[in-house]
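Asker: Spelled out, the chains give:
2 protein chains.
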Amino acid sequence: MATLSDIGVSAAINILSAFAFFLAFAFLRIQPVNDRVYFPKWYLKGLRSSPLRGGAYVSKFVNLDFRSYARFLSWMPAALQMPEPELIDHAGLDSAVYLRIYKIGLKIFVPIAFLAFTIMVPVNWTNKTLERSNLTYSDVDKLSISNIPMGSRRFWTHLVMAYAFTFWTCYVLKREYEIVAAMRLHFLASAHRRPEQFTVNFHMVLHLALVVVGAQVLVRNVPPDPDESISELVEHFFLVNHPDHYLTHQVVYDANKLSELVNKKKKLQNWFDYYQLKYSRNPSRKPLLKTGFLGLWGDKVDAIDFYTSKIEKLTKEMNLERDKIMSKGNSVMPAAFVSFKTRWAAAVCAQTQQCRNPTLWLTEWAPEPRDVYWNNLAIPYVSLAIRRLVIAVAYFFLTFFFMIPIAFVQSLANIEGIEKAVPFLKPIIEVKVIKSFIQGFLPGIALKIFLIFLPDILMVMSKFEGFISQSALERRAATRYYIFQFVNVFLGSIITGTAFQQLDNFIHQSANDIPKTIGVSIPMKATFFITYIMVDGWAGVAGEILRLKPLIIYHLKSFFLVKTDKDREEAMDPGTLGFNTGEPQIQLYFLLGLVYAVVTPFLLPFIILFFVLAFVVYRHQIINVYNQEYESAAAFWPDVHRRIITALVVSQLLLMGLLSTKEAAQSTPLLITLPILTIWFHRFCKERYQPAFVKYPLQEAMMKDTLERAREPNLNLKNFLQNAYSHPVFKSVDETETEPASQESEQEPVLIPTKRRSRTSTPLPSKHSGSSSP
Amino acid sequence: MATLSDIGVSAAINILSAFAFFLAFAFLRIQPVNDRVYFPKWYLKGLRSSPLRGGAYVSKFVNLDFRSYARFLSWMPAALQMPEPELIDHAGLDSAVYLRIYKIGLKIFVPIAFLAFTIMVPVNWTNKTLERSNLTYSDVDKLSISNIPMGSRRFWTHLVMAYAFTFWTCYVLKREYEIVAAMRLHFLASAHRRPEQFTVNFHMVLHLALVVVGAQVLVRNVPPDPDESISELVEHFFLVNHPDHYLTHQVVYDANKLSELVNKKKKLQNWFDYYQLKYSRNPSRKPLLKTGFLGLWGDKVDAIDFYTSKIEKLTKEMNLERDKIMSKGNSVMPAAFVSFKTRWAAAVCAQTQQCRNPTLWLTEWAPEPRDVYWNNLAIPYVSLAIRRLVIAVAYFFLTFFFMIPIAFVQSLANIEGIEKAVPFLKPIIEVKVIKSFIQGFLPGIALKIFLIFLPDILMVMSKFEGFISQSALERRAATRYYIFQFVNVFLGSIITGTAFQQLDNFIHQSANDIPKTIGVSIPMKATFFITYIMVDGWAGVAGEILRLKPLIIYHLKSFFLVKTDKDREEAMDPGTLGFNTGEPQIQLYFLLGLVYAVVTPFLLPFIILFFVLAFVVYRHQIINVYNQEYESAAAFWPDVHRRIITALVVSQLLLMGLLSTKEAAQSTPLLITLPILTIWFHRFCKERYQPAFVKYPLQEAMMKDTLERAREPNLNLKNFLQNAYSHPVFKSVDETETEPASQESEQEPVLIPTKRRSRTSTPLPSKHSGSSSP
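Here the protein sequences line up with chains A and B, keeping their order.
Position 553 of the first sequence, counting from 1, maps to 553 under the working numbering, and the rest follow consecutively.
Position 434 of the second sequence, counting from 1, maps to 434 under the working numbering, and the rest follow consecutively.
These are computed hints drawn from the structure, not numbers from a lab.
What you are looking at is a predicted structure, and each value in this text was computed from that prediction instead of being measured.
Treat each hint with caution, since some may be false.
[Stated by the list, open to error] Using C-beta positions, here's what the derived DEER-type ranges look like:
| id | chain 1 | residue 1 | chain 2 | residue 2 | range |
| --- | --- | --- | --- | --- | --- |
| 1 | B | Ile483 | A | Lys686 | 54 to 62 Å |
| 2 | A | Thr673 | B | Leu320 | 46 to 54 Å |
| 3 | B | Lys257 | A | Ile483 | 32 to 40 Å |
| 4 | A | Ser229 | B | Ser190 | 39 to 47 Å |
| 5 | B | Arg388 | A | Ile179 | 55 to 63 Å |
| 6 | B | Ser190 | A | Leu362 | 41 to 49 Å |
| 7 | A | Leu362 | B | Pro380 | 45 to 53 Å |
| 8 | A | Thr126 | B | Ile449 | 43 to 51 Å |
| 9 | A | Thr673 | B | Ser309 | 49 to 57 Å |
| 10 | B | Asp227 | A | Thr673 | 18 to 26 Å |
| 11 | B | Gly543 | A | Gly151 | 14 to 22 Å |
| 12 | B | Pro111 | A | Tyr171 | 52 to 60 Å |
Backbone N, C-alpha and C fix where the C-beta goes; we use that ideal spot for every residue, glycine too.
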């Protein structure tokens, strides 16, 4: 068991390392040479130009204004200054609402911590249960519920506190749901459609793409018809069934083969660039290569000529393929983006069932063009149902078989366990610093390493499952990641850490004994989770702001590859918020905070510090760095709400289990009403606020339509909507013909990160390209 | 343990009693005097007139045509002859689809029984496990899975059979869901709106009321507005938000006080009639009564004068109240029935969210006028949410505290238990006939008595919960009744019957031990459930056709009260199907059949016989007797489907538990995939077919609109829809003024069972009035 001083050492290490990160960041960010790493958002918005132009040569790279070094934490207040409406305008609603999650954390836990420390901690501290017992205990335990004697009447305090915490949490959640729902509706309503905006700077796309969402609907599973093409069929169907409202539509092409070719070409282009560079460095020797397997044998040829001819051949092939797709009907997928004359009509179409067979002519709100995940648009219904089953089973196995290695590492990270396993190491381990170090770092790091590989697997799963928008993919991946963390990090740490030997015993317990077993272990694991919060939370957040990986990559790229300003722009990797990993992590802290609020309130300050740090850091990053790939208008909020509620219910059940082992069983009826009330509250909120995230009220649509008609009566929507939704590969094909140099390889075939200033709706080269670049 | 001969005796008793019922029915139904008891449906449809008019005096009451006695089972083929489309036309879709539930039972269990008896029974029979063991066993057990030795490889047969049964059941379910969904859509689509039909015979309302459903939407939770009345508000809202489609609307009046007065008047009227009758029998003595408390003291007055004046006063009061309601705005409830010009527009409005706040301006399909439950139209949203919570908690307690008396009676009904409890009764009980009798009847009857009081409580619960249509009330009550039966009849019988002493033990078992405990008890309870099926199923169905209670009541009424033909018509009590009690009962048989299919196939023939009998009897009753109160167009089918799936999953889990105790644990992985596949199948079906029961496809609506427009271009819908939805109490007020004699007291204040030939949409005097009449 870790003592207070263990935690002190660990906290000191972590605070120092966080401080070091901040210091490094403060130093690096004011160097002009790093400007594009730490302020890419402003470059992408076209509001900041390279400091490399003009001025003294040295000051292009190094900041010589020493006064600026003194104000090394000045970014913090700066990050907090931008008001929320401006932030929404600057970075989109998703980002602004994402920050509200951290704020909710503070709103929930600051009053809870205050209450806990003024009322509950004194009640816990003034007992002598632990002193009198033969158990080893630390000072942390003296502050916790463990210090209350069996069957004491002092448990009433904890009961009342559990009620107070629950009501406070619910109150904050309800208010926040209300605010976010209103923000979303306001955001959607204030999206304009003004065609001229589509011709401006590419970087402005961020907001403008939303524009189209207002009156477009995605229709999928269009049934095949022997007499009509998909396009004709769609047109006829909507002309018949929405006669006064249908405007136009765009079919979706199956461009998977084309995007394969584009990818292939990209790779060849990379090699070509490589040899070109080699040649330009050393013009005396023409680079040669062997044409055989892996370049190990075969004829030697001039590499540049070889790749030039290959690229030429491929370009021809691509053009052919493109013409084939566009001319023949059989590349048209049974899906289309349908535009309506009014938002009202689009709202109607998206919310209603079109056809007798509910698996055909499925309509829904068209995701924002950048948000569309093109590969999944054509999956038929039965296939979708089967994929869901397959993924559910696969996910189950993934979640429960992952536990084995984690449990193993966890048990190693237990000092006593190591000493037992390898007794000859005992003298080394018993050195105080090493012991603290092992106990402070090892368990957290071991877990973290396992978890790094997970999000990608989960994203692949979501993609296979057939979601049609990036935002939905990320939301689903986030849900899975959360469940995984709940089972493996939270439950896994609690049960295996103390009860690896009890596991077998545990499987054969009754349903109402499980909360007991976990509840009893909870207070014992407080110190472990405190360490986890420090390593994963504090240091993680501080590391985030340093952006070490993008920094190194940017400098490598700009040293080796960058020839023009455009190349430099492409070398920037702004990244995104990463909802699918970031949100579940926050949720784990909510869970820990709520579970330990009544049991070991000593954990709360650590969590609050995490939320404060994270809020400031992410606010800074959102303002200066991240560039969201899409805008879902905070569609993720119901998930956030649901998970906090889940955490609340789990905390209540575990408290019930814990108290029932403390001979305070008379509290069970009072405690069991808490989860019932909480679940009821959740259902209430869901019905009250969730529709704002799923449906689009007709009243709003009508108001918007009326306004728009009055403001721009002659707007020609048809032309304006003609090309809003087209597969990005077509754009990128045009692109690659004019731009020979493109350095990035892609994970996904269709999201080609080319830079186009003249057209809209291309996905920006952000997270995906970033994470896979060398 | 009951032996085969016990079962034989019991079966004989039950078959004989069923036969006696049928015989009695055959005799009674051809007596002209009973004509209105056994053929009320035809009277209500106006297709049959009273045999009491004309002809010889005796033959008015007694059938003298002795040949007709010989063909005493002729009603059976007659009941089966009417083809389904005609049945739908005759009795509505609800009734026709209800019959399909019995048919599904046959479709599922006949092939399963065939397979079980040809393959599984020989496999079970050819073992000697039971003979070699020291256990007492009966021949029934020799046919069951109990006869297979531990860990035998013969369990593979049961495993394969479980798969076969599951696939067959799912196949039947899917096909049936498909057919019913198509029937529903066809039924809705073929409902016409032809105003002239509204003026014909009152009894024709059955189908015609549906007519209106096509283009009307119920809007609730209209927010209060200081400047406008509800009616103006509704008009403005829909004129703004559905400008091209809004036609007209009808507000809903809060007539609760008026209906109270109507009820009061009804009671007075009853007393008046009573004294009038008394006086007419004995004109020499004027009936007197005391005006004091309960008529025990006070001044003596002439009873007829007393009631006449009282009724007059009340009538005045009623008129005042009615004028008040109609004139002042404050009796208008925040709800309205909104009519649209087209079905398309109504479909749109019903499926979309109107307002930013999803708890205001709630729209949904207007239920059929007869189906509306007026009292609940004005409940605000928050109140609804709280009511739901309250009822959920109340229902939980009802379900789990009801178990105690049932368990007590069940344990008494166990012969060995009785002998132990009261040893001096042993000689009497040991008499063979008495023993069989007790074992055959007692457990079933004890349960049945408990269950008789339940449906009313559940209906009251549903009403309190705030459903707005009769059909929804009945569906919810049915769901609750099913869960109750599952917990108390099914689980209760299995666990308490054999394991009353093990109950305490059982509570502390782990989640995966529970299926084992129940699974092990399952084969032992086969004989109990066979008896239950015979008593509750066979005899119950046979009793249903005899209609003993309505028969007696009709003759009492027609002897004492009937003065005119109209009175005689009112004395008829056609009754309804009673979905809220009938369907859960059938579902219990599905559960028993599926659970025992693999374990003790000997039970299957009993269930099949039940389904055959019930099918024939209910078909006969639907054709000749029942008069449905409303038409929900088979809205209950998703519930039926879900419950059969539940039964399937339960049967699979219990089989898993049973096999794992039989040392056939290697089958667990194979068995666990079955519930997963079944649940997946359910989700698939739900997404594929359920929308047909919830939404109304726009394509269908548009087709219907186009057709109608072509057929009747000049239809003036507005006049036609003006009074489609008005609170029945207004009609009944008019009514009572012209019709002095009305004999029935009411359970519910607003469904006044008056007979009106000239107006539409009054609830028919059927179940509710019937069940509460003396």
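Asker: Hints first: check each against the structure and report whether it holds.
Answerer: Hints versus structure:
{"no.": "1", "hint": "B:Ile483 - A:Lys686: 54 to 62 Å", "verdict": "violated (23 Å)"}
{"no.": "2", "hint": "A:Thr673 - B:Leu320: 46 to 54 Å", "verdict": "holds (47 Å)"}
{"no.": "3", "hint": "B:Lys257 - A:Ile483: 32 to 40 Å", "verdict": "violated (54 Å)"}
{"no.": "4", "hint": "A:Ser229 - B:Ser190: 39 to 47 Å", "verdict": "violated (33 Å)"}
{"no.": "5", "hint": "B:Arg388 - A:Ile179: 55 to 63 Å", "verdict": "violated (26 Å)"}
{"no.": "6", "hint": "B:Ser190 - A:Leu362: 41 to 49 Å", "verdict": "violated (26 Å)"}
{"no.": "7", "hint": "A:Leu362 - B:Pro380: 45 to 53 Å", "verdict": "violated (34 Å)"}
{"no.": "8", "hint": "A:Thr126 - B:Ile449: 43 to 51 Å", "verdict": "violated (59 Å)"}
{"no.": "9", "hint": "A:Thr673 - B:Ser309: 49 to 57 Å", "verdict": "holds (55 Å)"}
{"no.": "10", "hint": "B:Asp227 - A:Thr673: 18 to 26 Å", "verdict": "violated (43 Å)"}
{"no.": "11", "hint": "B:Gly543 - A:Gly151: 14 to 22 Å", "verdict": "violated (57 Å)"}
{"no.": "12", "hint": "B:Pro111 - A:Tyr171: 52 to 60 Å", "verdict": "holds (58 Å)"}
When the structure is compared with the earlier hints, violations turn up for hints 1, 3, 4, 5, 6, 7, 8, 10 and 11 and for no others.
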